[in-house]
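For reference, the chains in residue letters:
There are 4 protein chains.
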Amino acid sequence: MKDVHAMAPARGQLTLRSVGVSGIRKPLAVQRTDRVHTLTATFRAAVDLPSERKGSDLSRNAEVLAEIVDRTALQPVHSLESACASIARELLQRHAYATEAEVEASAEYFLERGVSDAKRSFEDFALFAGAVASRQAKGGARVRRWIGAEAVGMTACPCAMETCRELLLAEYPLLADPRLGGLPVISHNQRNRTRLVFELGEDAEVEADAMIAAIEAAQSSPTYAILKRGDEGRVVLDAHRRPKFVEDVLRDLLASLPERFPDLPDSVRVRASTSSEESIHKYNVDAAHEVSFGELRRAAPR
Amino acid sequence: MKDVHAMAPARGQLTLRSVGVSGIRKPLAVQRTDRVHTLTATFRAAVDLPSERKGSDLSRNAEVLAEIVDRTALQPVHSLESACASIARELLQRHAYATEAEVEASAEYFLERGVSDAKRSFEDFALFAGAVASRQAKGGARVRRWIGAEAVGMTACPCAMETCRELLLAEYPLLADPRLGGLPVISHNQRNRTRLVFELGEDAEVEADAMIAAIEAAQSSPTYAILKRGDEGRVVLDAHRRPKFVEDVLRDLLASLPERFPDLPDSVRVRASTSSEESIHKYNVDAAHEVSFGELRRAAPR
Amino acid sequence: MKDVHAMAPARGQLTLRSVGVSGIRKPLAVQRTDRVHTLTATFRAAVDLPSERKGSDLSRNAEVLAEIVDRTALQPVHSLESACASIARELLQRHAYATEAEVEASAEYFLERGVSDAKRSFEDFALFAGAVASRQAKGGARVRRWIGAEAVGMTACPCAMETCRELLLAEYPLLADPRLGGLPVISHNQRNRTRLVFELGEDAEVEADAMIAAIEAAQSSPTYAILKRGDEGRVVLDAHRRPKFVEDVLRDLLASLPERFPDLPDSVRVRASTSSEESIHKYNVDAAHEVSFGELRRAAPR
Amino acid sequence: MKDVHAMAPARGQLTLRSVGVSGIRKPLAVQRTDRVHTLTATFRAAVDLPSERKGSDLSRNAEVLAEIVDRTALQPVHSLESACASIARELLQRHAYATEAEVEASAEYFLERGVSDAKRSFEDFALFAGAVASRQAKGGARVRRWIGAEAVGMTACPCAMETCRELLLAEYPLLADPRLGGLPVISHNQRNRTRLVFELGEDAEVEADAMIAAIEAAQSSPTYAILKRGDEGRVVLDAHRRPKFVEDVLRDLLASLPERFPDLPDSVRVRASTSSEESIHKYNVDAAHEVSFGELRRAAPR
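Chains as they are written, first to last, in the working numbering: chain A, 1 to 302; chain B, 1 to 302; chain C, 1 to 302; chain D, 1 to 302.
It is possible that part of the hints are untrue.
One copy or any two copies: either way a pair holds, since identical chains are not told apart in the list.
[Stated by the list, open to error] Derived EDC-like pairs (lysine to aspartate or glutamate); straight-line CA-CA distance at most 16 angstroms:
| # | residue 1 | residue 2 |
| --- | --- | --- |
| 1 | 138 | 259 |
| 2 | 119 | 70 |
| 3 | 138 | 100 |
| 4 | 54 | 162 |
No lab work stands behind these hints: they were computed from the structure.
Isolated chain A (complex conformation) (with noise of 0.2 angstroms):
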């Protein structure tokens, strides 16, 4: 059969960036300590295209997704990420044409959360991993890796809160007695949402969960999905006990890095995000931020 791919492009012989398979849903089993996760995620797996050729055989994307993720449903793989890298490589090696391969993916994934042993239940966050591979001049590939997690907790509004202790402490005086210091006062509070994404390089590792566990100690409080009416007390207490602006969840979480992973290299890049759906708006309240390691370390207070 006539290969029109191969043939040459009619107009605009021009290199494109990025030429692939989008909106690919797949079950991917991943083996973790605790258990076998089946993530459904969803694929883009792409390559570039050199100028002289037409198309890019893209049947061979869906065929390697198939190939390596769907054999995960007999041999689970490590992590989200490192399918990328897999299906990243393999992609190179069957377009001989391409000079670099980009994977991404995304997927629920669910943790036990729970306020005590007698009430945990499986809660629901997000990854989201890539991986870039690129042909080296000497043969082989280089591969860049990133990985990324969101949870869903909650904000109560340090800026309200305050306010409202002013208007209360003029209708009851007696909200003045030192005996009622510290007392937390009603403040809007709200679903946050945070991201939180490692480029990770060659070789770094990290453990999604302790991404998503960062991001819970941000947050003013966690959330629980079984909340009995003492517990469901104590996380509105909590939250606020520790109100935060989206600024205060950003940075909080960024400064917490350094700590809670001592072992990525200071050339790891990360992308934090966050957004409070604010109750007393229509509209969202949002942060972002992007710096390395490296420089969180060193901003870091010794």
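On the provided structure of chain A, position chains B, C and D as indicated by the hints.
Just chains B, C and D now, with coordinates in the frame of chain A:
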């Protein structure tokens, strides 16, 4: 040209209830008391199909939508539901084989809101509308219409407030002092999304703005785009002085309708639903009910 | 602690039809003939609320979901609808004041598909299920269940094909040569998304895989993740040899059900809908119908 | 009242790149040559935050949006990107501590389209725009702007067309007759969604309508809301006479830009991406590239 649609179906000679076009996006100009609102609306427009006909002439649906909706740029219509009714009537005209035409529309809708005149701005709400035109034996059509509105506001939880009061009382016994009677204490609060739909029948008319006002009054508090520091505190305080479960929002909304809409006949059916995006959970809590104005009036306390 | 939920409502003493939790995401392990499938499912779980009670004890809904769904990691259930039925029964147990419990679930579902054994891979479909448990006067509960499935396939338009045949004939008179009789000519084709739902009642059982097979057989062609050049051509050719309107997909699907599901009782109701994402329009074309197995059997030609 | 935002952050004294509000929906009136378009736009508006400050005064962002966007109801602006630039400038004015303000907006956009004057109707496209204002050492701000547009059209696959030609030839040898030379044969076709973004810098101006026209010209065919039988055939025929991979759409679009936009300076960067919702697959095929007008001009054949 061969009229493939008018041929007999190959198999499965069934009358089909609904065949149409959906996801049609259009700007629709609506004349309100204050000004012309240009809604970006999404339409579905469908008719039934008799058993002896292979296909419905769906290009007519696109034509009717273009004629009726596009000309509102020059001559605005009175309401989203009246546009739906006109489209439904016209569909019956052009699909001679159909006995029923159904049109549905949804749109974002902007109203000025603010805690004071100086802080007013456009806030987003949602409108829903529909019409069903039924061909009458004696000629002509009977058209039933429905209209819906949705508003995002805020709820504060009455249960967590009592639990927190007890937790705080154990730590701050002074809170039991009668001079602090009625002090609102911390609770979880969050965005609440409430929808109200009236099945108007043939003649009844209602203002969407009045439906939105009814919803906002039933929530713990409306929310606002612009809140300077003191305003923010007052909104939080108001919400904590009117703590509500979704059950309360729904019942208070339904109970308010007879007084707010005295002119609507008993036969008008009401569908109401409400969902709180719980700040302490990753999931939502919701409630829904369906009832007629007649039932609401009979249930209302004298 | 004060039981705020059990208090009397402040206003609007109405029985509410449905109060619950929604958007709960959970991994659910289902034992199928071939293997254990881990579905990522979204649940809603609700009960009704009597007029004398302010709130529903919704933490129980989260507990029941955790107990029944989370334990499938160790002991898979038979089906999504049986999980819904178990949850609905248990909700009635724990909400003594409720007369009805309703559970709904949706999930992605992966089945192996391919044009040949060498090119098989997991393709994504969707499952839907639900159960309504009604408390019986004599004790115990009656549980009605429903199950749905959705598949994406392909339709080619029979009308545009005939129009294009006429246009091409004017330009290429040789096309009228009888040796070209039956030649499929160009048309528009596109993704088609078709959903089939069975309201099973109390006892009937059905396999989701058989529902998906029925849908795929009613489309112009199924679609596949892996298609090498020749396969791609054959899929396109198949689709153009079976050109179908959405009306044809719906009727052919409904007409095939009595033969495909001979054991389902006449009382089982069928809801079917189909939507083609028209390549020549920015909007979709869709059709929907509702009918019982009994009606389908009586309509079926002998 | 205590200014909590101006306090020092508790921990993690980092300058944050971006703190803002997002998901703000507003009607925006834009004066075009033909008429005033009322866009429903979604905004994000953010500034950076110095290390010594706990929080950003985000109510100012909502105020600026209200002032600039809401007043377009009375006095329409020239374009979405000029509104973004005004907002960004004003944010820098009101956040004295910020060095950079970033505003992003997206909106649906309706243009009249049709295969003939009698069949014109409003079709939906998408607009994107943004502006970054950077405070200058000498006072004032430098404002860079970008603008993007997206159009849905249609692609027909050139590869499947050749494969189908070979398959049909085996069955209908008469197809090899030279009198049938150039006969377009069946292929798969589908919706294609293509986006074009120009980073304009400080001074360059461009019309969104011209960007949309460039996209539509690069697809196999535009699509239309109203197509009577013969028109439908001609659109299908046109698309099959211009079969295109996503790679072709992207290259043809990029190659057309120097001639279509002769006045844009070489420094303007172009980001283009395209995605075909493959009718034969459940996933999409896409391509993306980034290049400057200067590079495109040097690559263009004379």
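Against the structure, the hints:
1. 138 - 259: So residue 138 and residue 259 fail the 16 angstroms test inside a copy (38 angstroms) and across (41 angstroms) alike.
2. 119 - 70: between (34 angstroms within a copy, 12 angstroms between copies)
3. 138 - 100: Answer is within; shortest intra-copy Cα gap is 15 angstroms, inter-copy 44 angstroms.
4. 54 - 162: Between copies only: 14 angstroms across chains, 63 angstroms inside a chain, cut-off 16 angstroms.
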